[in-house]
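S.K.: Sequence lines, in order, name chains A and B. Going by this note's numbering, the first residue of the first sequence is number 1, and it counts up by one from there. Going by this note's numbering, the first residue of the second sequence is number 1001, and it counts up by one from there.
Read the hints as simulated data drawn from the structure, not as lab findings. Every value quoted in this text rests on a predicted model; they were computed, and no experiment measured them. Ideal Cβ positions, reconstructed from N, Cα and C, are used throughout, including at glycine. Do not take every clue at face value.
[Unchecked claim] Here are the in silico distance ranges between beta carbons for each label pair:
(1) A:V64 to B:Y1094: 36 to 44 Å
(2) A:N201 to B:K1228: 45 to 53 Å
(3) B:G1209 to A:N103: 47 to 55 Å
[Said to hold, decoys possible] From the structure, some residues in chain B lie toward chain A, with a derived Cβ separation under 7 Å:
(4) E1162
(5) T1170
(6) M1177
(7) T1178
(8) F1267
[Stated by the list, open to error] 27 Å max Cα-Cα, derived DSSO-like pairs, lysine-lysine:
(9) A:K102 to B:K1305
(10) B:K1142 to B:K1068
(11) A:K89 to B:K1068
Protein chains: 2
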Amino acid sequence: MPTNIPALKSEALYGGLGKLTMYLGIDIGGTNIHFALVDRKGEIINEKSVPTAKKVEKVLQLLVTEIKNFLPYRIKGVGIAVAGLVNQKKGILYFSPNLSWKNVYLIQRISKYLPNLKMVLENDANAAAWGAYNAVAKKKVKNLICLTLGTGLGSGIVLNGELYRGANGTAGEIGHMTLYPDGLRCPCGNYGCVERYIGANYLVKQVVGQIRRKEHTMLTGMVVNDLKKITPELITEAANRGDKLAQQVWQSMGKNLGIILASVINFLNPEMVVFTGGISGAKKFFLPALEETIKKRAFPEIRKKVKLVISEKSLGVIGAALLTQNTDI
Amino acid sequence: MPTNIPALKSEALYGGLGKLTMYLGIDIGGTNIHFALVDRKGEIINEKSVPTAKKVEKVLQLLVTEIKNFLPYRIKGVGIAVAGLVNQKKGILYFSPNLSWKNVYLIQRISKYLPNLKMVLENDANAAAWGAYNAVAKKKVKNLICLTLGTGLGSGIVLNGELYRGANGTAGEIGHMTLYPDGLRCPCGNYGCVERYIGANYLVKQVVGQIRRKEHTMLTGMVVNDLKKITPELITEAANRGDKLAQQVWQSMGKNLGIILASVINFLNPEMVVFTGGISGAKKFFLPALEETIKKRAFPEIRKKVKLVISEKSLGVIGAALLTQNTDI
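In isolation and in its complexed conformation, chain A is listed as follows (with noise of 0.2 Å):
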């Protein structure tokens, strides 16, 4: 066994390495690369975490290492997901906001060095959608609502057990629906996009505009007056201590996702809604707010008929590799 195996967490329960069918997901980040190794049903067995390398080059040659560590496992296929605009069905990353990569022939240019291995590439939200899907759902609704709260807000859909892609492959661009038309300018041109209204950098900026309009938060405190270190994660521990300003920022953002929410569930009628971001912590603070919107908002039968969830599972990554599973990509 080559050294630079990542250890199986539990060796024995799957019979040592090779006797089980597995699939290795790869979700490539701004910060970091995250690999892991799932089984057919969408557990983790196995995974790592490598820093992303600035240049294509180097994060394809890390690409091409690291799933050659894996390969003692009897994988089935590799799933890639990324941020950004992919054509994939031909394994092309047309454009990356957060790498700033663009026309990237992905999957064309790892094959080379593993000629034998079947690989399909995915955006991340569409890849976190199917990860939702066969995860969390487990297939046992059809239609289910994704939505990944990053910097912004982004989602990905199942309908009729199938992952939607739309004309282009970009369906799922609930960040770019229009919250409020008189709203904020959007960098896409647009003005009251839903990202202007939720989101990391949402909660952010009212935070420090409050700041500036001299309300009291524990905040300035905490950040020693630089507005600059102020993140999510501090808001909701300034929250978790009691800060109301923290508290009212994470419900403002509830009642937005309300608002958008309920929209799309009255368009969509899905069975399942899967919040996804690491923002349980924060449940407490939005999800009121949130249930009480959508309560307002949407039909009755419709409300009663979807269920959210908020799930902590890395569901980009689980997506990807088990999107392999699927004979017709």
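Here the structure of chain A is known, so what remains is to put chain B in place on it, guided by the hints.
M.R.: Chain B alone, transformed into the frame defined by chain A:
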């Protein structure tokens, strides 16, 4: 040939009765019931309309009688479209706001008298979307939204080449997505619903409101000061005769339609949007504002991919008829 069979428009073309496979579509509206004999491609071969009776019993009797009249044609199935909440699998109409009917076991009750005929029941907006997919898009796109402009705004959705119904069969309630979060109260309980800003009710209310604010319009004269007589058709007529207020009201509706449509196409990334509801006469008044708004608000790569089509076909009956082609129903 029984005397009450509607004569074929071009019987010779189709080789006489019974030579060609056809489908019967029925659209039960609040005022009329529309019957249409449809070929497998969605062309209407023959059609008739009868007034809608008030009582369920009367309507069911009438349906049986009229369907029997069509039987000499080689009909493979009968599809019935109706506004309201339906259980498509069981053929039950749970509730129809137009007809004030509740829990009508429609297919079961008609089938008793027509035992060997395949029948399906579908919500009218879903049926129209299926009609648009077959008779407008000719199945050349996979993802399509069909918008029905009437009193308010309805929609049906075809995704991955399938009619998308959602968890309760109510998917497509675009009229109750939120357009202005702090806007007008809607009977559904929400504030700022799309239906308050788009559709016949909106047009008429806007005009009446402006007249009460002493704005000049030829519509006042056209209805001899009886403002209750103002209709969307009259507003279009006035707009065609150069009336500025009538033109502005259509434009403002075009802008509202553009806002919600930009949101929906950013979210679902469809290949086609089909408008129906007898609005092509007003096209020149609302379409420029609609297109300009979409250009401002939707992603360029998404809006360039989507084709907007205004159709004057009776998509509800066509879609209802063709839904019986699917063997899985």
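S.K.: Decide, hint by hint, whether the structure agrees.
M.R.: Comparing the hints with the structure gives:
In this structure the hint that V64 of chain A and Y1094 of chain B lie 36 to 44 Å apart at CB is violated, the actual value being about 57 Å. In this structure, N201 of chain A and K1228 of chain B meet the distance hint of 45 to 53 Å, their C-beta atoms being roughly 50 Å apart. Between G1209 of chain B and N103 of chain A the beta carbon distance is about 53 Å. The supplied range of 47 to 55 Å therefore holds. With a cut of 7 Å, the hint placing E1162 of chain B at the interface with chain A holds, because the nearest CB-to-CB distance is about 6 Å.
A least Cβ separation of about 5 Å between T1170 of chain B and chain A falls short of the 7 Å threshold, and the interface hint therefore holds. With a cut of 7 Å, the hint placing M1177 of chain B at the interface with chain A holds, because the nearest CB-to-CB distance is about 4 Å. Contact between T1178 of chain B and chain A, as hinted, is supported at the beta carbon level, the nearest pair being about 5 Å apart and thus within 7 Å. With a cut of 7 Å, the hint placing F1267 of chain B at the interface with chain A holds, because the nearest CB-to-CB distance is about 5 Å.
Under the criterion of a C-alpha separation no larger than 27 Å, the hint pairing K102 of chain A with K1305 of chain B is consistent with the structure, at around 21 Å. The straight-line distance between the Cα atoms of K1142 of chain B and K1068 of chain B is roughly 35 Å, outside the 27 Å bound, and the hint therefore fails. Pair hint K89 of chain A plus K1068 of chain B does not hold up; C-alpha atoms about 50 Å apart against a cutoff of 27 Å.
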